[in-house]
Amino acid sequence: MKITFVIGGARSGKSSFAMKEAEKISGPKAYIATAQALDDEMKERIRKHKDGRGADWDTFEEPLNVADLISEISSKYGVIILDCLTLWVSNLMIRIQNTEYRTQTEDKDIGILFETLQKINHPLHITHNVSRIFIVSNEVGMGIVPENEMARRFRDLAGMLNQKIAETADEVYLVTAGIPIKIKSEK
Amino acid sequence: MKITFVIGGARSGKSSFAMKEAEKISGPKAYIATAQALDDEMKERIRKHKDGRGADWDTFEEPLNVADLISEISSKYGVIILDCLTLWVSNLMIRIQNTEYRTQTEDKDIGILFETLQKINHPLHITHNVSRIFIVSNEVGMGIVPENEMARRFRDLAGMLNQKIAETADEVYLVTAGIPIKIKSEK
Amino acid sequence: MKITFVIGGARSGKSSFAMKEAEKISGPKAYIATAQALDDEMKERIRKHKDGRGADWDTFEEPLNVADLISEISSKYGVIILDCLTLWVSNLMIRIQNTEYRTQTEDKDIGILFETLQKINHPLHITHNVSRIFIVSNEVGMGIVPENEMARRFRDLAGMLNQKIAETADEVYLVTAGIPIKIKSEK
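Residue numbers (our numbering), protein chains in the order written: chain A, 2 to 188; chain Y, 2 to 188; chain U, 2 to 188.
Hints in this document: simulated from the structure, not taken from any laboratory.
Watch out, some of these pointers could steer you wrong.
Given that identical chains are not distinguished, each listed pair holds provided it fits within a single copy or across any two copies.
Cross-link-like lysine-lysine pairs, in silico, DSBU-like; alpha carbons within 30 angstroms at most [said to hold, decoys possible]:
1. Lys44 with Lys185
2. Lys44 with Lys183
3. Lys49 with Lys183
4. Lys109 with Lys49
5. Lys185 with Lys165
6. Lys3 with Lys77
Since this is a predicted model, take the numbers as computed values, not measurements.
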């Protein structure tokens, strides 16, 4: 299995690039959206995106248990897009905002995501169908330090996770204004 | 006509790079500033920049009707710099902030800019003098999601427009700390 | 002496990259931290980082007089890391926030840093031991324009300084998600 990590700013075209790359691979594809449809505008946007994807695609809306979901569906789909990682970090943070063991819980979730990715990738698991996972993420650290403490924590966490995923990934693209720059290639 | 799109962060040296590239081309040049001199500091800054450009240059201050202006002056100048696109989006948004038909008006303006660029580029219009347009723009999507709704809309709009212009452009540069990276080359 | 400039977002892995590159050079190394340990969390973080560096390293905590410090220690260390430039700009701004001659003072400090770097680099000063300086800095201009005036000034100043240092530097790396992209090479 090959992991492709796609990082870019908001509205940089990173998701479209991942979709276009995924479309080149035949067979059943899964699109995991971590965005939550909290209002009508968002519901409409998600519906439109869903309609935009072809018959090859199944869409899963999963704000939190991304790791479990990838495990569950990995035998059924050849290609999985996880879109996007930073929204997932944000969802995690909102969920555990009021718990005492904030950091530990986040770290556990991040740990499980890594284990899942490694398990899918592991030679012992070649029965799994997944040949390619695209992980889409936001670069969120190139602005001014946010005044809000929670936003700073989010920025730190998202940045660290981006580093980890990029290290694990076989290839990494940085997308700016719709144009991908390959910054890591397969060995 | 060749379109060069130059994108970068604030104070990344993107305008200077566009200027330097433009200076390599001889003949009359137009500099379109979308910045508005709302206070003395800004007026002084604009005056300084103006003086910094040579005798080859005419400066136009146009916060909104950029498309019309490009049409009007395209027969007179060989090189046009539009600096910058995101400020223009911001000006558009401020103007129509209180109107009902916000999105439609913006989309119309963006549509007219594209039409103008394509018209100038069109073979039937080779009587136009413009051989090169530099469009300078900000990457604004690599920070934290802004808390302000208007800022989020601006970020979305600016990002989408950056993608569109980059797609149309013959070459695209990403500028960081004054150093240009060519991320799209002429076919 | 060679200057390597490393720029990236928050938590982009830029410091780790500078450290890894520095470790390849043998001999005594100095790590200049411009971060100030204002609370226990910060103290703990700084202590951890310090312990993470090997026996080859001496750590200096210097929020402001970076230029003097580099001058002082340049005869003793073969490698110096300055981490990070934007925090130093921020420290400068906080110090002179209430003075009248804000800009002049900042400019003077920035001037001294440049002079120091050039002095060390100067043939007449080859008795200095420094063979390599790594300057680590943040890209802070790729988000939304900050509403806070002070933050806008900081963004402008940091961006201009980044340009200047990148121009002086022998090589420049842009780091995203832990992955360095070389954007300027030695002539």
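inquiry  = So, against the hints stated earlier in the document, which numbers end up violated here?
reply    = Violated: hints 1 and 2.
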